Structures are given as C-alpha cells and as structure tokens.
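All you need for my numbering is the position in the sequence shown, starting with 1, plus 1329.
Warning: the hint list may mix true and false statements.
As a list, the in silico BS3-like pairs of lysine-lysine whose alpha-carbon atoms are at most 27 Å apart [to be verified]: (1) LYS1418 with LYS1378; (2) LYS1397 with LYS1378; (3) LYS1397 with LYS1418; (4) LYS1378 with LYS1389; (5) LYS1418 with LYS1389.
Simulated from the structure, these hints should not be mistaken for laboratory data. Note that this is a predicted model, so its numbers are computed, not measured.
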Amino acid sequence: YLREAERERQLFDQSPVAADTKSFEEEATEALRVGAFEECFAALLPDQKRQLLAYHTGEKQERINNRKALAAELGTPASSLRIRMFRLKAILEECVARALPN
C-alpha cells in the first residue's frame, strides 16, 4: 500500500498539471520581483540610475571602456567605482527584499 501511494505521488509530481502549477507560481513570483525592482530603481536619484546603467551596459571590451569612462567622469579610480556600484546594488536588493511578501 505504501509503495503504491508513493508511486501515485511521484506520478502526480511529474504530471503536466503539477509542472504548470509550479511554472505559474514561479511566473507570479518573478512578476512580483520585477515590479518591486522597477519601483526601487525608480526611487533612485537620476545620477544613480544613469551610473548603474552605464556601469552595466555593453559586452566585454565595450563594458570595460564604459566603466573606465564613467570612473574618469566621476574622477574616481576603478576600485572606488566598483565599490560605489556594489553599494547601489545592495540598496536595490534591500529595497526589493522589503517590497516582496515574505
């Protein structure tokens, strides 16, 4: 009897309905997370938004060049820029965590 119940539970867990339910829950959670991020990002100062976007824009060498240009614009070394971006990222993560339901 116990083996049969376990088999049925495994079959249900692997069924398309269970997969769709998990997918729906994951999509709902992701939508909440994206909404919270957008609200938190909007709350940043305009310069902070611009700096974050400039820091993360581009691929490979272009990204490196963007970061060098941003550091030069701010008059700070690359290490200070990295710390500044880390702190902004931490502020965003904390804001998103507060905005999401537990």
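For each hint, the structure was consulted:
{"no.": "1", "hint": "LYS1418 with LYS1378", "in the structure": "holds, 11 Å"}
{"no.": "2", "hint": "LYS1397 with LYS1378", "in the structure": "holds, 17 Å"}
{"no.": "3", "hint": "LYS1397 with LYS1418", "in the structure": "holds, 19 Å"}
{"no.": "4", "hint": "LYS1378 with LYS1389", "in the structure": "holds, 21 Å"}
{"no.": "5", "hint": "LYS1418 with LYS1389", "in the structure": "holds, 20 Å"}
Against the hints set out earlier in the document, no violation occurs for any number.
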